Amino acid sequence: MTLKLADDSQSPDVRRIAVVTAGLSEPSSTRLLADLLGEATKAALLEGARDAEIEVVELRPLAHAITDALLTGFPTGDLAAAVESVASADAVIAVTPVFSASFSGLFKMFFDVLEPGTLDGMPVLVAATAGSARHSLVLDHALRPLFSYLHAVVVPTAVFAASEDWGANGVAGDLRTRVDRAAGELADLVVRRPALHRVDPFGDVPDFASMLGS
Amino acid sequence: MEFGIFTVGDVTADPTTGRTVTEHERIKNTVTIAKKAEEVGLDVVAVGQHHNPPFVASAPTTTMAYIGAQTERIKLSTSTTLITTTDPVRIAEDYATLQHLLDARMDLMLGRGNTGPVYPWFGKDIRDGIPLAIENYALLRRLWREENVDWEGKFRTPLQGFTSTPRPLDGEPPFVWHGSIRSPEIAEQAAFYGDGFFSNHIFWPASHTARMVQFYRQRFEHYGHGKAEDAIVGLGGQVYMARRSQDAISEFRPYFDNAPVYGHGPSLEEFSRETPLTVGTPQQVVERTLSFREYAGNYQRQLFLVDHAGLPLATVLNQLDLLGEVVSELRKHDAEAAA
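These protein sequence lines map, in sequence, to chains A and B.
Counting from 1, one number per residue, gives the positions in the first sequence under our numbering.
Counting from 215, one number per residue, gives the positions in the second sequence under our numbering.
This is chain A alone, in the form it adopts within the complex:
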């Protein structure tokens, strides 16, 4: 997939942030963390005089469609819309529960059905939740390599929330600090990066004479 600079006329001051969340329970702490990160990123962008639209992609209701897409090779319905939302976003916030020492299978399957190149150069903030802080290296041992492979630009601060971070009186101070720092880093990347849009893949087909000659 080729990226090119968008036309300046395309509302340059509104950025779209896709928030992908793979929590399974209702409500889930994964979704709570995703919402915190989305709001904090929006606030950080507003400080830089950029408005932001937050689009939340909940993977749980897409679970069947994601399996179908793995088998058929193409996403349909709500999943197609979710894929498009991520592909056309200016940044992605990706949040997963920790399952068996890694991201959840559902989380990985969603990124498996994206076309190669979808996240090329995409600013990404990674975050995870678990019952215990002992899982926190999943961010650096599983999530960062995944998004590096996908050629995304992952912000330096990744956010981990364990059960103890959700205090009786709301979000504990340390977690709030990490959320704000990570959101600020993501907003900086988004502001510095011109809005992107994807080129029609049919526009990239080389002229036949050059294919013959290669």
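None of these hints come from the bench; they were simulated from the model.
Don't take each hint at face value.
[Unchecked claim] FRET-style restraints, in silico, Cβ to Cβ:
1. A:Asp-112 x B:Glu-216: 36 to 44 angstroms
2. B:His-547 x A:Ala-49: 55 to 63 angstroms
3. A:Ala-63 x B:Asn-532: 37 to 45 angstroms
4. B:Glu-216 x A:Ser-88: 38 to 46 angstroms
5. A:Gly-121 x B:Glu-435: 29 to 37 angstroms
6. B:Ala-283 x A:Arg-60: 57 to 65 angstroms
7. B:Thr-371 x A:Pro-156: 51 to 59 angstroms
8. B:Asp-364 x A:Gly-213: 33 to 41 angstroms
[Claimed, not checked] Take a look, some chain A residues computed to stay more than 12 angstroms from chain B by CB distance:
9. Asp-35
10. Ile-54
11. Arg-60
12. Pro-61
13. Phe-74
14. Asp-120
15. Ala-133
16. Arg-144
17. Leu-146
18. Val-171
19. Arg-181
20. Arg-192
21. Val-205
22. Asp-207
[Said to hold, decoys possible] Partial chain B-side listing against chain A, Cβ under 7 angstroms, derived:
23. Trp-335
24. Ile-348
25. Pro-398
26. Glu-399
27. Glu-402
28. Phe-406
29. Gly-408
30. Gly-479
31. Glu-488
Just so we're clear, the structure is a prediction, and the values are computed from it rather than from any experiment.
Built from N, CA and C at the ideal position, the CB exists for glycine as well.
Fit chain B to the known structure of chain A by using the hints.
This is chain B only, laid out in the frame that chain A set:
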């Protein structure tokens, strides 16, 4: 407008009985199905080429010649001939021989094949799929059009003063389609040469097929072969019919649910919505097929898949009776449109 059937030659267990036909039965059934296709008035029957189980169709020209000897009118074609892993010299020879034997009642559709392990068995690499298709076809064209070919490329032994025999019948090489599910490069190749472009159509949503066909048409005109709307387009289709649509659905569901490629995934209803699969009455198939033109324009060849996923021979033959009715309806529409 030509109507016909295409097969991949899969040997799949019938999920309703657990029975798997033998290779011998499957090969013979392919011949019976082709003869029936002629009997019900279809124009084309296309056979596959695969070199791995569960497929039996490794030698398409042998099967085509055998069918051709037992039929009078129906055109034999392929779905597809592997241009990547088959030596273009052998394609030139085999299909020119077939052209003579069948008095030109044949053409062929080139495809790349998407099974990675097959390529190294023939000394090739799937990552070279597109370059192989381009170089091999460029050579194939020369072999059919020139005598004493001097040639050197990346993928096969050089040729010095080589003449492919037999020469094409009356000096006219067989017509070539280029088939693809999702590679615009293949549509570009078909457009460059002014050959036919066949969109598999049946595994992907219509929106994708529409873009591929539109791209091919634009490039066909760009290369000076005629107007975009006159480009030579073929489409796949997939149907299962009964007199009552609820019977068609209940009869086909176990085959759909266990089919190679898409089985165990989306429901029959979802897949019917997203792809051209039509399970219902002959009239529903007529209407759905006519709707393809809304996004693909007028096109020249419509092939239906009717014999896969373990469907027993008797069922396939019954489907062909119904398909004969469908095609005669579709021809009436064409005649009215032309009048």
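Verification of the hints:
Separation of A:Asp-112 from B:Glu-216 is about 39 angstroms and conforms to the stated range, judged on CB atoms against 36 to 44 angstroms. Checking the proposed 55 to 63 angstroms range against B:His-547 and A:Ala-49 shows it holds: the Cβ atoms sit about 60 angstroms from each other. For the hinted restraint 37 to 45 angstroms between A:Ala-63 and B:Asn-532, the CB-CB distance of approximately 38 angstroms keeps it satisfied. Distance hint check for B:Glu-216 and A:Ser-88: the Cβ-Cβ separation is about 41 angstroms, which falls inside the suggested range of 38 to 46 angstroms.
Our hint of 29 to 37 angstroms for A:Gly-121 and B:Glu-435 holds, since their Cβ atoms are close to 35 angstroms apart. At about 59 angstroms, the beta-carbon gap between B:Ala-283 and A:Arg-60 stays in the expected band of 57 to 65 angstroms. Distance hint check: the CB atoms of B:Thr-371 and A:Pro-156 are about 55 angstroms apart, consistent with the given range 51 to 59 angstroms. In this structure the hint that B:Asp-364 and A:Gly-213 lie 33 to 41 angstroms apart at CB is violated, the actual value being about 18 angstroms.
The Cβ of A:Asp-35 lies farther than 12 angstroms from every Cβ of chain B, with a closest approach of about 31 angstroms, so its non-interface assignment holds. No Cβ of chain B approaches the Cβ of A:Ile-54 within 12 angstroms, the least distance being about 28 angstroms, so the stated non-interface status holds. Every CB of chain B lies more than 12 angstroms from the CB of A:Arg-60, the least distance being 18 angstroms, so the non-interface label holds. Against the 12 angstroms criterion, A:Pro-61 stays outside the reach of chain B, whose nearest CB is about 15 angstroms from its own CB.
With a least CB separation of 5 angstroms from chain B, A:Phe-74 falls inside the 12 angstroms interface cut-off, contrary to its annotation. For A:Asp-120, the shortest C-beta to C-beta distance to chain B comes to about 19 angstroms, beyond the 12 angstroms cut-off, and the non-interface label holds. The beta carbon of A:Ala-133 is kept farther than 12 angstroms from every beta carbon of chain B, the shortest such distance being approximately 39 angstroms. Here A:Arg-144 stays apart from chain B, with its beta-carbon at least about 28 angstroms from theirs, past the 12 angstroms limit.
For A:Leu-146, the condition that its CB be more than 12 angstroms from all CB atoms of chain B holds, with the nearest at approximately 23 angstroms. No beta-carbon of chain B comes within 12 angstroms of the beta-carbon of A:Val-171; the shortest separation is about 40 angstroms. Residue placement check: A:Arg-181 keeps its beta carbon more than 12 angstroms from all beta carbons of chain B (closest about 42 angstroms). Remark: the non-interface label on A:Arg-192 is consistent with the geometry, its nearest Cβ contact in chain B lying 33 angstroms away (cut-off 12 angstroms).
A:Val-205, annotated as away from the interface, has a beta carbon of chain B within 12 angstroms; the closest lies near 5 angstroms. At roughly 8 angstroms, the least C-beta separation between A:Asp-207 and chain B is not larger than 12 angstroms, which violates its mark as non-interface. With its C-beta approaching chain A no nearer than about 24 angstroms, B:Trp-335 sits outside the 7 angstroms limit, and its interface hint is violated. Because the beta carbon of B:Ile-348 sits about 5 angstroms from the nearest beta carbon in chain A, less than 7 angstroms, this interface hint is met.
A distance limit of 7 angstroms between C-beta atoms decides the matter here; for B:Pro-398 the minimum to chain A is near 5 angstroms, and the interface restraint holds. At its closest, the beta carbon of B:Glu-399 sits 6 angstroms from a beta carbon of chain A; the interface hint therefore holds under the 7 angstroms criterion. For B:Glu-402, the shortest C-beta to C-beta distance to chain A is roughly 5 angstroms, which falls under 7 angstroms, so the interface hint holds. The closest approach between the C-beta of B:Phe-406 and any C-beta of chain A is roughly 4 angstroms, which is under the 7 angstroms cut-off, so the hint is satisfied.
Evaluation of the B:Gly-408 hint against chain A yields a violated restraint, the C-beta minimum of about 12 angstroms exceeding 7 angstroms. Hint status for B:Gly-479: holds, given a least beta-carbon distance of 3 angstroms to chain A, under 7 angstroms. The closest approach between the C-beta of B:Glu-488 and any C-beta of chain A is roughly 5 angstroms, which is under the 7 angstroms cut-off, so the hint is satisfied.
Checked against the numbered hints given earlier, the structure breaks hints 8, 13, 21, 22, 23, 29 and satisfies all the rest.
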